[in-house]
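**Student:** Listed below are the residues making up each chain.
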Amino acid sequence: GGGEQKASTSSAKVGLITKTETNPFFVKMKEGAQKAAKAEGMELMTAAGKFDGDNASQLTAIENMVAAGVKGILITPNDTKAIVPAIKKARDAGVVVIALDTPTDPQDATDALFATDNLKAGELIGQYAKGAMAGKTAKIATLDLAPGITVGQLRHDGFLKGFGIAEGDPSVVCSQDTRGDQAKGQEAMENCLQKAPDINLVYTINEPAALGAYTALKAKGREKDVLIVSVDGGCTGVKAVKSGEIAATSQQYPLKMAEDGVKAVAAVAKGGAKPKGYTDTGVTLITDKAVQGVEAKDTAFGLANCWG
Amino acid sequence: MAVMEATLPRRIISTPTAGPLGALLLACVFFAVNSDQFLTGGNFSLIIQQVMVVGTLAIGQTLIILTAGIDLSNGAIMAFGGIVMTKLAVGSGLPPVLAIVAGIAVCAAFGLANGLLVTKISLPPFIVTLGMLNVVFALTHIYSEDQTVTDLPAALTFLGQTFKIGETNVTYGSLLTILLFLFFAYVLGQTAWGRHVYALGNSQEVARLTGIRTQRLTISVYTIAGLVYGIAALLLVSRTGVGDPQAGQTDNLDSITAVVLGGTSLFGGRGLVIGTLIGALIVGVFRNGLQLMGVPSIYQTLITGILVILAVTVDQLSRRRTR
Amino acid sequence: MAVMEATLPRRIISTPTAGPLGALLLACVFFAVNSDQFLTGGNFSLIIQQVMVVGTLAIGQTLIILTAGIDLSNGAIMAFGGIVMTKLAVGSGLPPVLAIVAGIAVCAAFGLANGLLVTKISLPPFIVTLGMLNVVFALTHIYSEDQTVTDLPAALTFLGQTFKIGETNVTYGSLLTILLFLFFAYVLGQTAWGRHVYALGNSQEVARLTGIRTQRLTISVYTIAGLVYGIAALLLVSRTGVGDPQAGQTDNLDSITAVVLGGTSLFGGRGLVIGTLIGALIVGVFRNGLQLMGVPSIYQTLITGILVILAVTVDQLSRRRTR
Amino acid sequence: MTPVLQARGLVKRYGHVVALDGADFDLMPGEVLAVIGDNGAGKTSLIKALTGALQPDEGEILLDGKSVRIRNPLEARRLGIETVYQELAVAASLDIATNLFLGRELRKPGLLGTIFRKLDKKRMREESANHMADLKIGLRSLTQPVESLSGGQRQGVAVARAVAWARHVVVMDEPTAALGVKESGQVLDMIKRVRDRGMPVVLISHNMPHVFEIADRIHVQRLGRRVAQIKPGDHSMAEVVAIMTGALQVSEGKSVVTDKDAAEAIGL
Amino acid sequence: MTPVLQARGLVKRYGHVVALDGADFDLMPGEVLAVIGDNGAGKTSLIKALTGALQPDEGEILLDGKSVRIRNPLEARRLGIETVYQELAVAASLDIATNLFLGRELRKPGLLGTIFRKLDKKRMREESANHMADLKIGLRSLTQPVESLSGGQRQGVAVARAVAWARHVVVMDEPTAALGVKESGQVLDMIKRVRDRGMPVVLISHNMPHVFEIADRIHVQRLGRRVAQIKPGDHSMAEVVAIMTGALQVSEGKSVVTDKDAAEAIGL
Ligand SMILES: Nc1ncnc2c1ncn2[C@@H]1O[C@H](COP(=O)(O)OP(=O)(O)OP(=O)(O)O)[C@@H](O)[C@H]1O
Ligand SMILES: Nc1ncnc2c1ncn2[C@@H]1O[C@H](COP(=O)(O)OP(=O)(O)OP(=O)(O)O)[C@@H](O)[C@H]1O
Ligand SMILES: [Mg+2]
Ligand SMILES: [Mg+2]
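Chains as they are written, first to last, in my numbering: chain A, 1 to 308; chain B, 1001 to 1323; chain C, 2001 to 2323; chain D, 3001 to 3268; chain E, 4001 to 4268.
Don't take every hint at face value.
Stated by the list, open to error - Here are the computed lysine to any residue pairs in the SDA-like style, where the Cα-Cα straight-line distance is at most 25 Å:
no., chain 1, residue 1, chain 2, residue 2
1, E, K4118, B, L1179
2, A, K239, A, K50
3, E, K4122, B, Y1186
4, A, K71, A, K239
5, D, K3118, C, I2303
6, D, K3108, C, L2179
7, A, K50, C, R2270
Hints are computed from structural coordinates only; laboratory data are not their basis. This structure is a prediction, so every number in the text was calculated from the model and none was measured.
Next up, chain A with everything else stripped away, as it sits in the complex (with noise of 0.2 Å):
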């Protein structure tokens, strides 16, 4: 990382905010903003918050951050709302703010937004799903993230209402929180099987999920006549979807969301102008099993455009 090179007053500084430390989802958006960064010659420098939805955390990096005298900070906030009026105070220092992956709350506390529209994502992945299932009555379970994580609660009410059902719909026979891990995906799978036998379809908040969801119907040997369709795009969800594991999955673009960032920093330290509004990254269906009415691309768009 770029953080070898001590601290010089001679290049400008961005900064880079996480959710977390680990997610591979952010990891790439570290590579996007790292890649950037060197073309740019600025000096990037990262911090995460503990866990999903840290708030604190996210906080006093931005705080450290204007303490350190960056141009601009790019943040996937962990609470839409509670970081605003750090937001705030630095902008109000002159500091450029773009919030990527996900929006604030309201969404112009920042100058940008460069992200995917994670309701969008779950819409997409929703309506796959209806139709795959082509009429079966389908029995779903819901494996999410975590209680009160905006994202999670955006994928989720999206593919709810890309398939075509509201909250609370007696189709949907099995809900539990995952924190998005492996390991838990695979356990609550199992739990709901043990209560649920007949699930046909599973919806994940992200691919490790969907991972232990396959994991756990193997073990059953459901693993053929059960959907399970993702959220995320990461390589190693693209190749289980390629090798027939995950039906199909949103795909969003982590790389493109930081690069775009650190470059519109960029432009501001030269004396360019402040990036405004909601810059769209996009979001893909990746599936080889396509349906008719909703637009998707295969494996090999897939996993040449992956990220992890």
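For this one, chain A is given, so just place chains B, C, D and E with the ligands on it according to the hints.
**Tutor:** Coordinates of chains B, C, D and E with the ligands only, in the frame set by chain A:
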């Protein structure tokens, strides 16, 4: 003083695992009444599979807690071990078995490092393992580059295979976990090393004055615990079929919960590893049973919290009665 | 035996906070050399703002650890308190000051509950507060419906306001935190209650035999700690400007880290609350300094882990030398 | 004369061990009563029951002839009963002065004390120094933590505390066990002085010379019961030891040999 | 005759307290050597230094005339030195038999023992029963945890362990302090029997009658130093006490009064 003979039922009640065992049975009865799917061989096999990783971690945790220590780094060490064995097995051309050995050895090495810091510089175990937690966590992510390792050779997933006992599928991993518990029950109860661990937990000074090499003993405990975490890593890998850098982040507290629910004292010197197995099962039964009953996640958390307290309360009250 | 008079420097070295203080100063020197922005009044004011929430939680944690207990639920209690005061202030028409009082009272009530469970049923504090952690976490999410509470009245964010000392902006919250530390240093060192807390931590049996009402004392400690968590909740709310149901999830371990880095023994009966302040500052200085140096975040985790161990090592070795 | 402190039929069981098996107890005004008995005879259990440190399963306790329930050591203390426990009830990390005043600290006069509840450490230190000097226990500094003292010095602190605060009865469970010859002598002197103030003292001791030197009466405990109450003058040391071990029995004030071999072995 | 165990100029400081201030020590073959001194005189520190439990800052230790460094209690034990420490080195939650064999457990014969390293609990229990019976300490069960014993019973366990294992020297720091008259007598008998086996015994005690009954020689410790070595026959108890407290000094085997008042006070 007059002497009353201890009758057999009295004896059973006064063993330290009686309370936890009672709590476990009560929980089973409750869920059996409230869910049709609970009381099946398959479901129990499932619960054991679900608790085997934390249960195995909790064996190492029990050893350390018996010496009046504590280990906050065990989940992180396990995650690192899992990444090492899977990365080596998939990427390096090393035979899978050697990769497994290397992964377990790395875990033992971190255990050794904990032990050395605790003894040679006399640092409190809590702070050593808290620091180690951060160190190992960071190393895991740096070494794995946050990539999940997939397409594992069969040797690494063998323990996830099942065999049949009657109608029920049981994984080799579950069997290994049970064997590990029996092994450590034997070691703690029937060997000199085990007795010394208890003596050390009672009082380090007393153990030292009795001529026990307390430093060597402590180091051996932490190293063996590390080794057990390595086995837990293998169990985890075989269960999930991947090497996952995100694994184990809440397992430190979960393993401590299992140990304490099993009746082992956090002040050291008192407790049984079989109690830990029961403690791990209590947690697993609750999670499984509540889910079968269709309780939403957040209420599961609520109920688990209440029941952790309740289980220990039952244990405590049952002990008080026999006093 | 001959008696040597303790010379003044010798005395300073032998106070339990000397080691932590040394570690803190060393860290400051290091970062001052390695970053231009570190050694400014503004930056120090920032660090204090950043540690004030965990620092205040750590005051309560210190009280409990001094009694040989531990509190894993403090972050969760704070989060709940924060939600209660913000929801009441925003949604219920209650005057903001009453909302604050209600929030603090709720925290104190949870502290009381912890205390009652620890004393009346003699449960181990670790397990009580672990259960309570789950319970309060769940209640927070249920009560808040997972919504962040915004648009707070001024009374709730007043402590986030700044005033000037010389050139430097200082928040009222920072000031309150410092005052709290001084207050508890006084209470622990200069009042009978404080002395009794130490006696209790030395040995509950000894305290009981000396005629201290150990149950009442323990309950008062947990309740007061809860009250302090309530103040931490207010500090948090004023700092972030919102009521956040996700807050505080790692603050339990962070506050314990601060206490231990400050030289307080986890076995109870030994330690100073001022040490805790130093411990909290050590953590804050590292986070801030490493960030200013531009160290990538995963390496920050790595270095923090190493330095936690190192700081305690320095402390331990400095004590050994004076022996 | 009504006994100051009295017990009837105390029973205390630990699991299947019966520590007290219907023990009686009588302490007369102004006397030094020695309680003797083999290890495990239930002496400590008896005085713990009398001082609120444990709750007997059965039996009655009377103070000045009135039935009382002493639910905890604090209540005993309020009733003016001070105890030196065998396990040395001192807080290891606190200093001597703090230990002496633990649970009844002195506060500064004036507002500092009433509102700020500030301790008057200086005065407590001074008074502690006086108490310790009374006992003639040499200590370098009253501010050193008790854990850094030798076993005997620690015992001295516990004794000094009990004597300083007692208003009604002083109970001491083997106070001289860890003390040197000089210090033991000082504790015995102290006990005499307490008695001379008119306050009765209960002394548990295994040291027969001490018992015979100081006790007005001896309570012999055996197998959880009082088996005899005797006056030191009426019996020789060897006889008392024989009663303690069960070789002799006392009936109506006279000794009766029950275990011939044992009695011979001890030379009667 | 070369002394069995010898020390020259031992110094041990705790912060600014000097526990040992150039202490010498000599133990002759086959003798019972009593070490006496006031509380805090450094007796425990001295024998801890001799048995590896603490490292002296200065000074030399010689075993059978050869300079040795005893770095820990295990080394002392290997050299055949067994110690009963004042703090009762017993593990509270373990049972009596386990405590007696702690650190030198017996394993089952055959494969069970060599490969499976299985303890022979039955044999350890039996042998423990024998050792405890030797000491005539009555115990209901050898499987009860030590923490449920009375103070005296616990002390008995520690003494029994030391005597059972010693091969070269037995060191006892106030072994009878918590013991009853009968049990004390048994420990003294035990010490005599150990001496009769030809093994020297170091006995720290504050009980002058015991010391005069059993000691062949007396080492008087004062202010961290040995101030005298005397034979019980040569001096009266009062004189010895006076030496201990500094009222008398011994030069060339004869007592010299140094503190006239003090000497008068004790009736010399
Ligand atoms: N907490 C306890 N748990 C179990 N048994 C106990 C407990 N306390 C005492 N006992 C048992 O009760 C009996 C009486 O003990 P107690 O301490 O009263 O004897 P004692 O006369 O004071 O002996 P000593 O002279 O050795 O101090 C002993 O057999 C002891 O083992
Ligand atoms: N760990 C320690 N830390 C500080 N001071 C100590 C320590 N151990 C002993 N001392 C001090 O050293 C001196 C000698 O203590 P030691 O225990 O050797 O005396 P002793 O002769 O055994 O006394 P006693 O007859 O009371 O057992 C005492 O003043 C004591 O306060
Ligand atoms: Mg007793
Ligand atoms: Mg001593």
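**Student:** Give a verdict on every hint.
**Tutor:** Cross-check of the supplied hints:
no., hint, verdict
1, E:K4118 <-> B:L1179, "holds, 17 Å"
2, A:K239 <-> A:K50, "violated, 29 Å"
3, E:K4122 <-> B:Y1186, "holds, 16 Å"
4, A:K71 <-> A:K239, "violated, 38 Å"
5, D:K3118 <-> C:I2303, "violated, 43 Å"
6, D:K3108 <-> C:L2179, "holds, 23 Å"
7, A:K50 <-> C:R2270, "violated, 31 Å"
Figure legend: structure checked against the earlier numbered hints; hints not met, in rising order: 2, 4, 5 and 7.
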